[in-house]
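Participant: Since the structure of chain A is provided, determine the placement of chains R, E and V on it from the hints.
Listed in order, the protein sequences are those of chains A, R, E and V. The first sequence begins at 1 in this note's numbering and counts up by one. The second sequence begins at 1 in this note's numbering and counts up by one. The third sequence begins at 1 in this note's numbering and counts up by one. The fourth sequence begins at 1 in this note's numbering and counts up by one.
Rather than coming from a laboratory, the hints here were simulated on the basis of the structure. We treat Cβ as the ideally placed atom computed from N, Cα and C, and that holds for glycine. A couple of the hints might just be wrong.
Derived DSSO-like pairs (lysine-lysine); straight-line CA-CA distance at most 30 Å [to be verified]:
no. : chain 1 : residue 1 : chain 2 : residue 2
1   : A       : K126      : V       : K155
2   : V       : K139      : A       : K121
3   : A       : K126      : V       : K35
4   : A       : K208      : V       : K139
5   : A       : K175      : V       : K139
6   : V       : K155      : A       : K121
7   : A       : K127      : V       : K155
8   : A       : K139      : V       : K139
9   : A       : K121      : V       : K35
10  : A       : K76       : V       : K35
11  : V       : K155      : A       : K351
12  : V       : K139      : A       : K191
13  : V       : K139      : A       : K200
14  : V       : K35       : A       : K97
15  : A       : K38       : V       : K155
16  : V       : K139      : A       : K202
17  : A       : K397      : A       : K300
18  : E       : K72       : R       : K88
19  : V       : K139      : A       : K161
20  : A       : K370      : A       : K127
21  : V       : K155      : A       : K139
22  : A       : K390      : R       : K131
23  : A       : K38       : A       : K311
24  : V       : K35       : A       : K78
Partial list, computed: chain A residues near chain R (C-beta under 10 Å) [to be verified]:
no. : residue
25  : S46
26  : M222
27  : L223
28  : G227
29  : P239
30  : K247
31  : S269
32  : T272
33  : D317
34  : K319
35  : D320
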Amino acid sequence: MKFKHFSLTIAGVAAAAISLSALAQKKYDTGATDTEIKIGDTKPYSGPASAYGTIGKAIAAYFDKINAEGGINGRKIKFISLDDGYNPAKTVEQVRKLVEEDEVLFVFNPLGTPSNTAIHKYMNQKKVPQLFVATGATKWGNPKEYPWTMGWQPNYQTEGKIYAAHILETKPNAKIGVLYQNDDYGKDYLKGFEDGLGDKAKTMIVSKVSYEVTDPNVDSQMLSLKGAGADTFFNITTPKFAAQAIKKAAEIGWKPTHYLNNVSASVGSVLTPAGLDNSVGIITTQYGKDPTDPQWANDKGMQDWKAWMAKYYPSGDLKDASNVYGYGVAMTVVQVLKQCGDNLTRENVMKQAANLDMTLPTALPGINVKTSPTDFYPIEREQLARFDGKTWVLFGKVYDPAGN
Amino acid sequence: MEAFVHQIFSGLANGCIYGSIALALVMIYQATHHLNFAQGEMATFSTFIAWALIQRGLPYWLAFLLTFGISFAAGVLIQRIILRPVEKAPVLTNVNVFIGLLLIFNALSGWIFDHTVKAFPSPFPQESALKTAYFSAHESGSFLVMLAVLLALYAFFRFTPVGLAMRAAAQNPESARLVGIRVSWMLAVGWGFAAAIGALAGMMVAPSVFLDPNMMAGILLYGFASALLGGVDNPWGAVLGGLIVGVLENLLGAYVIGTELKLTVALVLIVGTLTLMPSGLFGKRVVTRV
Amino acid sequence: MPEASLLEVKNLHAAYGATQVLHGIDFGLQSGRITTILGANGAGKTTTLRAICQMVRTSGSALFDGQQLVGKATEEVVRLGVAHVPDGRGTFTALSVDENLRLGAHVRRDKQRVVEDLERMYARFPRLGERRHQQAGTLSGGEQQMLAISRALMLRPKLLLLDEPSFGLAPKIVTEIFRILRGINTDDGVSMLLVEQNAQLALELADRAYLLETGRVAVSGTSRELMANESVRRSYLGV
Amino acid sequence: MSALPGSHDQRPAKWVWIAGALLLVAALVLPFLVKNYRVFQFNLVLVYAIAILGLNILTGFNGQISLGHGAFYAIGAYAAAVLMDRVGMPYWLTLPFSGALCFLLGFLMGFPALRLAGHYLAVATLALALAIPQLLKYKHLEHYTGGVQGIVLVKPDPPFTFRLLDQPFSADRWLYFFTLAVTIVMFVLAWNLLRGRVGRALIAIRDHPIAAAAMGINLPMFKSLTFGVSAAFTGVAGALGAVVIAFVSPDSFTVTLSIFLLVGMVVGGLASITGAFFGAIFIQFVPNIADELSKSAPAAIYGVLLIMLMYLMPTGVMGMVRRLWARWQPGARRARMRGVQPGSSVPVSHDHLTKESAT
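The shape of chain A in the complex, shown without the other chains:
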């Protein structure tokens, strides 16, 4: 009896050996094993930008879903998200902890332009992917100099160009007033907008006014824009200040053609507090579906999203577009990992990230996620939409600045 038993074990071992060799081509970098993929991330859970901390929680919830459904090719995702309080010095420290101590495979969706600038050089020196950064600055899509860094959302300058193009088409002799936040996010939008207007920028823009995150409100800035006689308004503000600007414009009876940057285009958390009737006619660009927008109420993609939120992130706010953002970007990185299969080296992760061609259920129809070794801007297409008092109504063509 013992002998038979013994032979079985030999056979077992042999079989295991064979199966191992069959899959010999499994290649791993630090942070990936047969059973686990370690992914790092930094988010401002505290400090001035803590409103965006919910993106980190949404991503973690999506990975919970993936793990619950068996992970990716049998590997569970271990997601380590650290707080940097939107302070670049802290980001550097946390990211070094992720890379050198936690030894993650790659850093995914770190948030904030200053934070990402702080680690831009480090990540490329260390050859660790800085994947799908959560900022729209244009400099993240530069494969030649920074092959290990890639953006995700449409970048601010492209969006600025779209608004400029639309103004040139519809209102060539418009007098434009611009309100922008005095930091990298605000200035990137402004640069794209001015490039989009070309040499007419100097004549058409009658007034450019900035505000500080520490200002109590933007009433004074809105008054000087109205005072400058602008009949078109490009509003580059974060949610709180966007709501103030919309409400103040109505209060002082200033009714320009109002272009609102996508960052603050959520019906639930911006237009409702500002007053839906004050927001009629506002134009923005969209690439994702707004969760509070009634027109997507019975859209399959959004219903899956709501079901996922209820199950994995019940404390999350259904009105907050950031949670849709987190869902979408997490889905993209899961796709990349699926494409990597068993070759989980950092180099392969970047290679797969650079040949994506997919669509997201929470993205607008016609918007795709497309990259190539030379195009490190996954989402570039956007479509203009006008607010009719209840929902965003898409109109016009889908702008595709990259032309592919």
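Facilitator: The following block gives chains R, E and V in isolation, referenced to the frame of chain A:
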């Protein structure tokens, strides 16, 4: 020209906001000779309480009064529990405790009520008689509310025995004890008032700047500037200081140095006032017998 | 003990931080009587009064009307009916005369009789009446002394502690103040504990006296005995 | 082992020197025992220690409260970054320049500070801390400061390489030794400055300003000089910080940095030189621990700790060590220690001295 007038009035409206916070700061200074660095965050937290009450369906004015009461009680409790042990400690220890409170209240606001921007209703209907050419209904409404608070405070300190006792305790604690005044309780009442006024300031500010955990961060500094400019031991001075700071800030921002340097304006204002007029425009000359 | 003793002080120690000032003194006060404490600068006279009101760290015992004072808060000692006119008079300089007086009655509940007492004070001190709404800080030294005394009386105290009422006043005013004190004692029967540099005046006013030296009771007895006592005459009366 | 000015004439016992030497050896070997990331964290601890020491000179020793030392840290960092990036100056040369610039600014800030009582100065310095980030983004300075984008610096690589305990002599380790050297220099400077006549004058000004003036101490000059020196220390720390992190941007120097420095000083202990290390370790590692405890309220934990410290250890870690040291001492020495201490430099309990009334 019309824009210029608009700027002045919007400056006055902002001035109201700074004035009401300055009033709360003066309340605590009068009672305890300390500047409460946590005043802004306490006001934000009270405003969140009011918001939560209104969400649960309470009518505005009931929520308003309830928050006023809760904030008063909270102010008293804070003094009794947290500040009494350091009552006799030097200024630095107190400053540290205030900053500890600031961090706690800011974190609590974010933790309990999360960070999304919330609209806060204004008690003054938009089309009511209060709406004038330059002031929105809410702006003139909050101006009147602040005036009412100022008068109520003036009457309280002038005519009620508790008010008199508080003034005595603030001025000469030892003599106050000799006439039987429980000085420590007077400090607690001072904190109660400051918390209640802070709550009121928060409820007046929220409709125009929208409610989120960092609502008061910027405003607090302007509140300090107003209190110091106006005279930190004089409630009327604080409010007038607020109006001056509001208008000055708007005009300089719009016409002189641009909006990028608003905080620098506050810095110059504070340092300038403190060095040239230490007791502010309307404050009493503080003569300390050596 | 002929009359009931209002205040019994036994082995009273007092200290400011590390420096010990009173080294265990004993004395007693008869109700309705005026007692004075004499002594050079630094003998511990003011500290004794502050010790009774628990304004300094004390140990030992001080029974007032059967209640133990040591360990009570100053505000509670005052509520038992002990009024204290502190050195430097402790006037609320930024408040008006009227407000100062009304503060004196802060702990009293009989609001109506307080108003009567107020008018009585103005009658007894007409000069205060004239300056009723004037800021207390603007009053002269003598007037502030009168204000301090009347503020203490507004409490309707059982015991009035007086800390060098003659301090910084012209002799004419001092005699008038002492005349008023005599009047208060005889008319209202208020017992007093008088701390005074001017030994001569104090002994004339007081019934009993104690002489403090470096925080200890050196000599005690009736005023007449102390006046006759050789050492007291030489060092304190300058005779 | 900084004790109080009065007791500096005691020759430190033999074992203190041995402990010092051991500590030094440990400090030298340390970077090779741990991974690069930890070394990077130790560098930051040393940088914060210098910054806290700077603040302590002003607030701990001299009693002037500052909520704005983050501003001097920022100015030092930007001075170094601009010198390195625009002028191409070697990183080690930028430290004296940053220190000098901050000394000048601190000295100038000292003058208005002369007229300000405790909480007024706190408000003025708070305004400074809030204004600096905005000034750094100002468009006319943008050419130098890189405006909102900040400046990315090159991390200096080690002049020579060798391997010890099979760890390469990486840039971080080289920076560790560079920072350690600067830290030792700064602490020795502070030690000499504060232990002698100057230190006693500062404490005299803090405890009894009027008496100090009466003793002939030129108050305005001393207070302004102290402000300058304190700002210089924090400025040098800022420059070092810029070199270690190799990136500066306006968002790195918000008001929270000033609050962190204040908390670090209080934790370490007021008027204590070596306390700066405990404070630095506290503000470097506690946020990470708090982050693990609860994602959404690390600041609340910080606030609670700050208040608790004010009750339990008003004199900070070093104060407690000193008290334990005094209690542990054999009777005779302890008596002499207590006798030597004039009153106490512990700010909390000295209060009763000022209330003395004329008997």
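Participant: Against each hint, give a clear statement of whether it holds in the structure.
Facilitator: Going down the list of hints, with the structure as the test:
no. : hint             : result
1   : K126/A to K155/V : holds (13 Å)
2   : K139/V to K121/A : holds (25 Å)
3   : K126/A to K35/V  : holds (15 Å)
4   : K208/A to K139/V : holds (13 Å)
5   : K175/A to K139/V : holds (24 Å)
6   : K155/V to K121/A : holds (10 Å)
7   : K127/A to K155/V : holds (17 Å)
8   : K139/A to K139/V : holds (21 Å)
9   : K121/A to K35/V  : holds (20 Å)
10  : K76/A to K35/V   : holds (27 Å)
11  : K155/V to K351/A : holds (29 Å)
12  : K139/V to K191/A : holds (15 Å)
13  : K139/V to K200/A : holds (23 Å)
14  : K35/V to K97/A   : holds (10 Å)
15  : K38/A to K155/V  : holds (28 Å)
16  : K139/V to K202/A : holds (18 Å)
17  : K397/A to K300/A : holds (23 Å)
18  : K72/E to K88/R   : holds (19 Å)
19  : K139/V to K161/A : holds (23 Å)
20  : K370/A to K127/A : holds (23 Å)
21  : K155/V to K139/A : holds (21 Å)
22  : K390/A to K131/R : holds (27 Å)
23  : K38/A to K311/A  : holds (23 Å)
24  : K35/V to K78/A   : holds (22 Å)
25  : S46              : holds (8 Å)
26  : M222             : holds (9 Å)
27  : L223             : holds (5 Å)
28  : G227             : holds (3 Å)
29  : P239             : holds (5 Å)
30  : K247             : holds (8 Å)
31  : S269             : holds (5 Å)
32  : T272             : holds (7 Å)
33  : D317             : holds (6 Å)
34  : K319             : holds (7 Å)
35  : D320             : holds (6 Å)
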